[in-house]
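For the protein sequence lines, the chains are B and G, in the order given. First residue of the first sequence: 88, per my numbering; consecutive thereafter. First residue of the second sequence: 2, per my numbering; consecutive thereafter.
Hint data in this document are derived by calculation from the structure and do not stem from the laboratory. Treat each hint with caution, since some may be false.
[Unchecked claim] Label pairs and their in silico Cβ distance ranges:
#1 G:I256 - B:K202: 45 to 51 Å
#2 G:W113 - B:S197: 47 to 53 Å
#3 G:S81 - B:R194: 36 to 42 Å
#4 G:P258 - B:S197: 45 to 51 Å
#5 G:A124 - B:A156: 53 to 59 Å
#6 G:R118 - B:N95: 48 to 54 Å
#7 B:R268 - G:W113: 53 to 59 Å
#8 B:R103 - G:A124: 28 to 34 Å
#9 B:K202 - G:S81: 38 to 44 Å
#10 B:N95 - G:V136: 54 to 60 Å
#11 G:S81 - B:N95: 56 to 62 Å
[To be verified] DSSO-like mimics (lysine-lysine), calculated; alpha carbons at most 30 Å apart, straight line:
#12 B:K221 - G:K190
#13 B:K202 - G:K190
#14 G:K190 - B:K198
#15 B:K203 - G:K190
[What the hints assert, rightly or not] Taking beta-carbon pairs under 8 Å as the criterion, some of the chain G residues facing chain B (in silico):
#16 E175
#17 Y182
#18 S183
#19 I191
#20 Q195
Bear in mind the structure is a predicted one, so any value in this text is a computation, not a measurement. Every residue, glycine too, gets a C-beta built ideally from N, C-alpha and C.
Each chain is listed here by its residues.
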Amino acid sequence: MARVVLDNINKIYRSRRGNVHAVKDFSLSVEDGEFVSLLGPSGCGKSSTLRMIVGLESVTSGEIRFNDAVVNDLEPQHRNVAMAFETYALYPNFTIEENLGFPLEVRGVSKQDRKKEVRRIAGLLQIEDVLDQKPGALSGGQQQRVSLGRALIREPAAFILDEVMSHLDAHLKFQMMIELRRIHQSLGRTMVFVTHDQMEALALSDRVAVMHEGRLQQFGSRDDLYHAPNNVFVAGFIGEPPTNFFAVQPEEADGRLTLVSDDGATRFQPSDHRAATIRNRGGNSFVVGIRPQNLTRVADGLENSIAATVLLNEYSGERSILTLTSGDARLQAVTASGDDVGRGQEVDLFYDPDDVLVFDAETEDLLV
Amino acid sequence: MSERNYRLVAILMFVFLGLWALISLFPYYFQFITGFKGIEEVNRITPTFWPDEFMWSNLDLIFSDETNVAALLDTLLIASANTALAVFLGSLAGYALARFPRQAGGENMAFWILSNRMFPPVAILLPMFRAFDTVFGSTDNHISLIILYLVFNMPLATWLMMVFFRDAPRELEEAAYLDGYSPLRAFFKITLPQVVPGMMSVALLCWIFAWNEYLFANMLVGSNVAVNTIQTPGFVQGAQKLWNLAALFSLIAVIPPVVLFLVLRRYMVRGLSLGVVKG
Ligand SMILES: Nc1ncnc2c1ncn2[C@@H]1O[C@H](COP(=O)(O)OP(=O)(O)O)[C@@H](O)[C@H]1O
Ligand SMILES: [Mg+2]
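Just need the whole structure built from these sequences, with the hints factored in.
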């Protein structure tokens, strides 16, 4: 059982071709038993962070603590963490059964108990029928499950899972997510789960840490990330379809503050609270972000709207995604699937001023 | 290509390969029949291509002389000990270069090791000779040759093992560390099995080199210890060269490497193609 704390971690890879600053001033505190996801695009330093947690990579600066004990210099064998690798890392000369049982064998678990455990975990992951094969004979998805199983078979202080579902098809992924969630609930162990897929991260974890270019962008619950993204990156990265952004300037008229897009075509009414912040702060350029889900064709008591022209109406089951233009800007909105607006049609999109997110154009940070 | 052209190519290929096999196998054939001729028949002006009579007793003559048997055993001992050392040390060095390139001296160190095979071997002979003479009292012993051959086999073994270890994914070792293995245990249990095919081919190359070496053996050993390549030209009776026994003895000396090669051929192809393609 462990609380995992990263305190101002930096990782710089030094090589002859130059230095790569892969993780920058990264601080994170994962509570004991918590399920935390590290979410970010490929190459943002997720794997590097994990490898430092488990001890496979040295920490350039900063401190890693398990339950207040600094583990920076502790060998991986002594950290009592289990990791599933992005590249599976299955032992090619062992059968699947031996691969799964390996961590138990090292710990001196008897052959019989090992067999029982292997069956159990193989059952969970639906790989019972390949137990006596070698990894080379398995599909990518099967190998990935074996790799996950090898990590889950013992009960370490923390589980560290690196992109363990990237090669599973949608149906299987869904089942695995349920299993993983269940395993987490029954064992109550700390889990750090890395993914570039926001759907996995949001569905599984208690809290999500969003990473970009080596830096932590935001660490919070689903709601925090969705409704109060720290900055433009998080707002754009979280949510599907992605948030619409407009470069805007504030305009005062009749004591009301309006945010007008740079081409003058689109006008947003921020909430009174945000308008006050903008006034206090001064400055002439901001970024407005508004989620496609928060632009609706039905007024339903909303007073504010923007006008836009439909470019495309994509039907996807219970909803349709509209792609539209407003001035020079392109934007998307989500509407009910029965709504059969077509190309070229002028529409009004209503919004709640509370949903108009305003960011500083310079720092890209959210104004609160 | 038309069906006929295809057949023509196939036929030409067989003709060519057949001819080639004939040419390269002929010396062995001649060695074989010479080995079982009587000395009178060997010395005839017109060579015969089939012995008038097979002198199976030549085998007895070879094996009844215990210096012949001793020479084969000496060679076996020297080649095997040298191979074992070269592969063992080469694996350790190759692993270090593959996994900790910076700490082990980097590309330059690896290249320097390989470059040991590039300068004329004779250059190291004199210092080696003196060193063995001083340390072992003479050079006419097994250990001198075992060590001397390392000069040639170690760089080869180190370089090839480095390539094989580079190709063995590091993550497997890392996974083993996390599962609780010490680095040494992970090396033997996880990493080594992956490079066994390569290792076999390295061992074979080293062993064959040591088994066939003549130049240095001739300079270092000869009386206490003899190897097969020194023994072969030594079949004389008075002023008479016993070509039949020399041929038969060297024929016997060819058998072990051929058998080894056949047994390890599978590894050889896999191991070497790995090194060639990815190295
Ligand atoms: N061993 C290494 N040496 C040098 N650069 C590395 C090494 N490992 C990763 N990097 C670099 O560090 C950055 C972060 O990589 P990584 O942590 O693997 O990202 P992610 O897992 O989020 O895709 C990348 O730019 C990558 O090229
Ligand atoms: Mg990664």
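We went through each hint and held it up to the structure:
no. : hint                        : result
1   : G:I256 - B:K202: 45 to 51 Å : 48 Å, holds
2   : G:W113 - B:S197: 47 to 53 Å : 50 Å, holds
3   : G:S81 - B:R194: 36 to 42 Å  : 39 Å, holds
4   : G:P258 - B:S197: 45 to 51 Å : 47 Å, holds
5   : G:A124 - B:A156: 53 to 59 Å : 58 Å, holds
6   : G:R118 - B:N95: 48 to 54 Å  : 50 Å, holds
7   : B:R268 - G:W113: 53 to 59 Å : 55 Å, holds
8   : B:R103 - G:A124: 28 to 34 Å : 32 Å, holds
9   : B:K202 - G:S81: 38 to 44 Å  : 41 Å, holds
10  : B:N95 - G:V136: 54 to 60 Å  : 57 Å, holds
11  : G:S81 - B:N95: 56 to 62 Å   : 57 Å, holds
12  : B:K221 - G:K190             : 16 Å, holds
13  : B:K202 - G:K190             : 20 Å, holds
14  : G:K190 - B:K198             : 18 Å, holds
15  : B:K203 - G:K190             : 24 Å, holds
16  : E175                        : 5 Å, holds
17  : Y182                        : 6 Å, holds
18  : S183                        : 7 Å, holds
19  : I191                        : 6 Å, holds
20  : Q195                        : 7 Å, holds
Hint compliance for this structure: no hint is broken.
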